[in-house]
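Numbering (my numbering), first residue to last: 1 to 774.
Hints are computed from structural coordinates only; laboratory data are not their basis.
Some clues are possibly wrong.
DSS-like, lysine-lysine: derived pairs with alpha carbons at most 25 Å apart [what the hints assert, rightly or not]:
1. K447 / K562
2. K738 / K187
3. K218 / K576
4. K738 / K697
5. K187 / K341
6. K187 / K510
7. K218 / K275
8. K592 / K510
9. K447 / K341
10. K676 / K592
11. K771 / K187
12. K218 / K562
13. K510 / K275
14. K665 / K697
15. K510 / K562
16. K187 / K218
17. K676 / K697
18. K592 / K562
19. K738 / K576
20. K676 / K738
21. K738 / K665
Computed beta-carbon distance windows for the label pairs [what the hints assert, rightly or not]:
22. V291 / A440: 23 to 29 Å
23. V179 / A440: 30 to 36 Å
24. E508 / S321: 51 to 57 Å
For glycine and all other residues, C-beta sits at the position ideal for the given N, C-alpha and C.
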Amino acid sequence: MTYRFRNRLRAGAALVAALAATPAFADEAAVDAADGADVEEIVVLGQGQARQVQELGAADIALEVSGISPLKAIDKLPGVNFQAADPFGTYEWSSRISIRGFSQQQLGFTLDGVPLGDMSYGNHNGLHISRAIISENVGRVEVAQGAGSLGAASTSNLGGTIEFFSREPAEAFGVEASVTYGSEETKRAFVRLDSGEIAPGGPRLSLSYAWQDADKWKGEGVQRQHQVNARIVQPVGDGQFFGFVNYSDRRENDYQDLSAEMIGRLGYRWDNFAKDWDLAVRVAKIYQNQVARAAYNSGVANGSLPLGAVFTAPYAGVGESFPAPIATVDDAYYDASGLRKDWLAGAGVEAPLNEYWTMKAMGYYHGNQGRGLWFTPYVTTPGGAPMTIRTTEYDVERYGIVASSLFTLGANRFEIGMWYEDNDFNQARRFYGLADTAGAPSRGSLKFPTDPLATQWEFDFNTQTLQYHVQDTLDLGQLQINAGWKGLRVTNLATPIVRGGLAAGRTEAKDWFLPQAGLLYRLNDDNEVFASYTQNMRAFESSATGGPFATTQAGFNALDLKPETSTTYELGFRTKSSRFQGVIAGYYVDFKDRIIAFANGSGIQGNPAILQNVGDVRSWGVEAAGTFRVTPELSLFASYAYNDSEYQDDVVNAAGAVVAATAGKTVVNSPRHLAKGEITWDNGDFFARVGANYTSKRYYSYENDAEVGGFVIVDASIGYRLNDRISIQANATNLFDKEYVSTIGTNGFANRGDAQTLLAGAPQQFFVTLKAGF
Numbered sequence: 001m002t003y004r005f006r007n008r009l010r011a012g013a014a015l016v017a018a019l020a021a022t023p024a025f026a027d028e029a030a031v032d033a034a035d036g037a038d039v040e041e042i043v044v045l046g047q048g049q050a051r052q053v054q055e056l057g058a059a060d061i062a063l064e065v066s067g068i069s070p071l072k073a074i075d076k077l078p079g080v081n082f083q084a085a086d087p088f089g090t091y092e093w094s095s096r097i098s099i100r101g102f103s104q105q106q107l108g109f110t111l112d113g114v115p116l117g118d119m120s121y122g123n124h125n126g127l128h129i130s131r132a133i134i135s136e137n138v139g140r141v142e143v144a145q146g147a148g149s150l151g152a153a154s155t156s157n158l159g160g161t162i163e164f165f166s167r168e169p170a171e172a173f174g175v176e177a178s179v180t181y182g183s184e185e186t187k188r189a190f191v192r193l194d195s196g197e198i199a200p201g202g203p204r205l206s207l208s209y210a211w212q213d214a215d216k217w218k219g220e221g222v223q224r225q226h227q228v229n230a231r232i233v234q235p236v237g238d239g240q241f242f243g244f245v246n247y248s249d250r251r252e253n254d255y256q257d258l259s260a261e262m263i264g265r266l267g268y269r270w271d272n273f274a275k276d277w278d279l280a281v282r283v284a285k286i287y288q289n290q291v292a293r294a295a296y297n298s299g300v301a302n303g304s305l306p307l308g309a310v311f312t313a314p315y316a317g318v319g320e321s322f323p324a325p326i327a328t329v330d331d332a333y334y335d336a337s338g339l340r341k342d343w344l345a346g347a348g349v350e351a352p353l354n355e356y357w358t359m360k361a362m363g364y365y366h367g368n369q370g371r372g373l374w375f376t377p378y379v380t381t382p383g384g385a386p387m388t389i390r391t392t393e394y395d396v397e398r399y400g401i402v403a404s405s406l407f408t409l410g411a412n413r414f415e416i417g418m419w420y421e422d423n424d425f426n427q428a429r430r431f432y433g434l435a436d437t438a439g440a441p442s443r444g445s446l447k448f449p450t451d452p453l454a455t456q457w458e459f460d461f462n463t464q465t466l467q468y469h470v471q472d473t474l475d476l477g478q479l480q481i482n483a484g485w486k487g488l489r490v491t492n493l494a495t496p497i498v499r500g501g502l503a504a505g506r507t508e509a510k511d512w513f514l515p516q517a518g519l520l521y522r523l524n525d526d527n528e529v530f531a532s533y534t535q536n537m538r539a540f541e542s543s544a545t546g547g548p549f550a551t552t553q554a555g556f557n558a559l560d561l562k563p564e565t566s567t568t569y570e571l572g573f574r575t576k577s578s579r580f581q582g583v584i585a586g587y588y589v590d591f592k593d594r595i596i597a598f599a600n601g602s603g604i605q606g607n608p609a610i611l612q613n614v615g616d617v618r619s620w621g622v623e624a625a626g627t628f629r630v631t632p633e634l635s636l637f638a639s640y641a642y643n644d645s646e647y648q649d650d651v652v653n654a655a656g657a658v659v660a661a662t663a664g665k666t667v668v669n670s671p672r673h674l675a676k677g678e679i680t681w682d683n684g685d686f687f688a689r690v691g692a693n694y695t696s697k698r699y700y701s702y703e704n705d706a707e708v709g710g711f712v713i714v715d716a717s718i719g720y721r722l723n724d725r726i727s728i729q730a731n732a733t734n735l736f737d738k739e740y741v742s743t744i745g746t747n748g749f750a751n752r753g754d755a756q757t758l759l760a761g762a763p764q765q766f767f768v769t770l771k772a773g774f
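Work out the full structure, taking the sequences as your base and the hints as a guide.
Next up, the structure:
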């Protein structure tokens with residue numbers, strides 16, 4: 001342990017100690033007089049839980065800019081690192097969340113118990129939370145940094161679980177609405193109708209609609225979305241039947257991926273050519289001339305061309321040199337976009353069958369049509385433009401059931417449960433032709449294209465998932481013991497329709513005993529110590545763009561396939577009073593068989609990834625958070641996390657030669673320091689909040705020779721309630737207009753060196769929202 005680290009660790013401990021000591025200097029009577037009890041908490045820090053867990057409610061999310069992703073709202077929690085290139089955190093190509101060095105693909109996500117998969121851009125077994133539900137309808141978010149609940153329906157929760165819960169239909173009739181306007185011509189509208197009890201003891205219904213349209217903050221393009229949420233609840237005794245249908249149609253233009261070299265040469269505001277079709281055509285023609293010249297030179301060198309052969313450029317008059325400041329064909333493309341349509345539906349029951357037995361059961365359906373579009377100069381249209389539209393096409397249809405029974409027997413709460421899912425996923429790579437037009441392309445980027453020129457590859461994937469869990473909670477008053485296990489089997493079958501050089505076959509990840517145990521010791525009513533132990537496994541991915549099938553058949557056959565596993569140990573302390581609540585926790589994680597994918601060429605080329613098993617990853621760290629109510633109106637929140645995640649092994653080939661010297665290197669996109677602070681004021685009429693978020697440097701090469709620097713981003717909000725039904729709120733994101741790299745790894749990570757896999761963060765933005773209800 002170095003002197004510098006000791007100082008940083010002491011500084012973090014001092015911060016927590018200062019927060020804990022602060023109430024002694026305040027006027028306790030002022031707060032106690034407000035309500036005579038515990039004040040409303042900004043963040044619930046998991047009191048009574050035998051694991052590190054926090055909860056964020058709808059009231060807190062409402063202080064953020066309207067339409068924000070719940071993932072951005074939870075970024076202030078300890079150990080959580082969220083990045084996106086837009087102010088809302090909803091732009092999916094850029095949206096990335098990591099916890100304790102675990103990437104998004106190694107976390108678990110659910111909505112009201114429905115599995116959302118790993119919420120990655122090309123998600124093969126779920127969908128992003130920003131499409132699954134309208135943000136105003138999120139009732140609360142629960143974040144478990146290490147040990148998610150055993151019953152969470154996830155096959156990827158190696159490093160934590162994020163569970164979202166929707167708002168229930170209100171018991172009384174009501175209407176709420178809001179409109180937002182702001183930077184980059186952002187326009188958003190939301191309306192929700194709650195029926196209340198349609199008849200005495202009858203069902204309650206909520207129906208919501210949201211629409212958003214915003215320009216990109218640089219370049220040309222828009223981000224648009226329509227969403228509809230409907231939910232019905234029928235009370236039955238102390239239980240209820242429920243059903244829901246959620247629909248989303250999202251269409252968004254992409255920002256250009258950057259490298260550090262490009263940022264230095266072109267600046268943070270460099271983007272694609274979408275404003276200038278003719279320039280994009282010219283650059284593509286120059287590139288094709290360069291390709292032809294390279295083929296000619298090769299032919300001359302190897303003697304395959306006849307003596308005296310003369311080079312003829314396929315596109316005369318444009319030359320072979322790019323116009324300044326363009327240096328390569330990958331500096332910018334004409335345009336790119338993501339198109340997604342989703343239906344998510346479910347129905348179930350939650351009811352006590354007697355005083356000892358409570359049952360929950362739900363069936364769900366998810367259907368998705370998606371397209372990722374890139375105008376690529378690497379493939380030309382015969383007789384047309386020197387480009388085509390390259391797509392990755394997604395079609396998901398999955399059905400599942402989640403069920404559990406809870407038995408309360410004296411001091412024991414015993415639960416058994418199961419989850420089953422059948423997921424059919426069709427994925428294809430296609431090319432669509434473009435006419436050689438002037439001024440504008442013959443196809444737009446925000447419509448699903450038809451009539452492809454060619455299909456490079458197409459696969460049908462089927463994934464069968466079966467999970468069960470058993471757990472018992474024994475509450476002895478001062479001591480609470482949790483123990484249980486889950487079993488999991490996931491089979492993946494890849495069937496080629498058009499193989500295209502990619503792998504097909506079958507994989508299986510199976511472990512019928514993954515234990516979890518926790519202890520909670522209550523020192524008194526306000527202080528408790530907790531400890532937990534968890535084992536988890538991540539199933540293989542059924543996809544041609546990620547996981548073991550996203551390589552060649554030879555590469556797949558050579559893989560020693562072992563599912564990634566993690567073992568997590570946690571130890572922590574919580575304290576709570578009428579003025580203050582805080583938590584500090586330490587953890588150690590042993591992560592085995594970490595699979596990393598080496599990006600092979602630029603992302604637009606779509607070359608198969610090279611999969612590498614880097615062996616073990618060891619992570620350890622400290623997390624702390626505290627909330628202090630200074631007065632009834634003024635509250636403070638702060639969190640700090642130190643995380644040390646390192647690869648333990650080099651990547652070697654079959655001959656034993658080192659392919660990547662990763663041993664001892666820090667895990668990519670794993671900042672060592674995360675610090676967040678927030679000040680909130682609310683006197684009932686006037687409210688305001690300002691928050692600062694510090695993220696330390698992050699590596700984007702496995703050998704740690706490419707990095708982006710740390711940064712501090714400040715967001716703020718201010719508002720006034722005219723009465724209990726009407727309010728106006730203003731939000732500022734990136735208040736001080738910081739230039740920084742937000743997302744890294746958009747096109748994967750390379751073993752070494754700079755790569756075009758970075759996105760710039762959104763600059764200073766302002767928004768105003770008017771809210772009304774009755």
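Taking each numbered hint in turn, which are not upheld by the structure, reported in ascending numerical order?
Per hint list: 1, 3, 6, 10, 12, 13, 19, 21 violated.
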